[in-house]
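Engineer: Turn these sequences into a full structure, and let the hints guide you.
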Amino acid sequence: MATATTHTEFGAHTTALAVAAAFPTAIAGKRILITGVNLKGLGYATAEAFASQKAELLILAGRTPAKLQECADALSREYPATKTRVLELDLNSQKGARAAAATLNGWDDVPAIDILVNNAGIMNVPTLQLNEDGIERHFATNHVGHFLFTNLIIGKLIAAAQKPGAIKGATRVVNVSSLGANYSPIRYSDINWEKVNSTLPQVEQPDYVGLTRLWGADAEAAKSESYSSTGAYGQSKTANALFSLGLNERLYGKYGILSFSVHPGTIITELGREVPTDDYKKRLETFRKLGMVFKELSAGASTSLVAAVDPALTLPTKRPLTSEEDLAKTSLQVKGEDGEWEGRGVYLSDCQIHENTKVWYTSWSQGEKLWAKSEEIVGQKFAF
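Quick note: the sequence shown uses my numbering, first residue 14, plus one each step.
FYI, nobody ran anything at the bench for these hints, they're computed from the structure.
One or more hints might be untrue.
[Unchecked claim] Only pairs whose alpha carbons sit at most 20 Å apart, straight line, appear in this in silico PhoX-like list of lysine-lysine:
| hint | residue 1 | residue 2 |
| --- | --- | --- |
| 1 | Lys267 | Lys96 |
| 2 | Lys386 | Lys108 |
| 3 | Lys176 | Lys267 |
| 4 | Lys208 | Lys348 |
| 5 | Lys96 | Lys108 |
| 6 | Lys348 | Lys331 |
| 7 | Lys181 | Lys394 |
| 8 | Lys342 | Lys331 |
| 9 | Lys267 | Lys331 |
| 10 | Lys382 | Lys342 |
| 11 | Lys394 | Lys108 |
| 12 | Lys96 | Lys67 |
| 13 | Lys331 | Lys236 |
Keep in mind the model is a prediction, meaning the values are calculated, not measured.
Structural biologist: This is the structure in structure tokens:
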């Protein structure tokens, strides 16, 4: 049976609180970890929605303990039935991801985690910057850090999935992606965006029109360029979606653990903090002229809630592609007569399965290729 959502009436402006209220039994008593939590961001709005339906424990993870504690205190005041705990997690380095995982794995009083929401992220780093591991910062923080942290704590999720009476598919990993995934596939031969775009294999080159449309730049000129903050961000968001497919491949059949990726929508948060103020204002004005609708924080968090708890969602469609050229096509171009396509259901937007995706971030085979590349980057293989 094809994957679907329970509430087809949910949409762009449905709040996370409304989604949570629709699935109280899927949340009550659960232990949930959310990365990237601060009061002005999607992480807090996500946590608040879970707390509103009596989640047992919320683990708030992020770089700054003081900001995390601020969130924990606010949640405790408003929702005293839900316990909170903070976890320092610096996703910008593998050392930081490993340290946080070691800390969490040492919490014997938290033997299981029912839902993991990988929400943290950075966007639009203006110039090419590598982290201490030699990885481009968007990819390092948005994907590699989450890949490593998630795999190192997977035992906690498996424990939840194996609890007596556990429902298959109820234990989940949600990876917060973005429509930015449409801008770039994974550049396996140039993860760090150091090479000129046109010199890459065709299947690794970005969507030049999409990449330049927002800023009125020349798509042809982009072919002779290398680093693009929008493109690098897009590659990391493609990785988020493909990571969900890799997790499903390894965890659903054996343990019943599901993973989905989501586009939260266009929301003004601190995600754009690295963009110079004047440039940021110009970009927002461009977004408005293009007709983009800005969401409130709770509406931005709503799709993460659907991905985390809607019982109607199940394993994404697995349908091998006929050629590598299909990767640059859209789901509308490769959709079968039955309405299905490769990876349908792995990516959600506006609380529904997104019907217009690039195949390069819904391809199961690309998920496997990225998994191998990610293991190579972190120097560790994961088998469960």
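Engineer: Of the hints stated earlier, which fail here?
Structural biologist: Hints 1, 4, 5, 7, 13 are the ones this structure does not satisfy, whereas the remaining hints hold.
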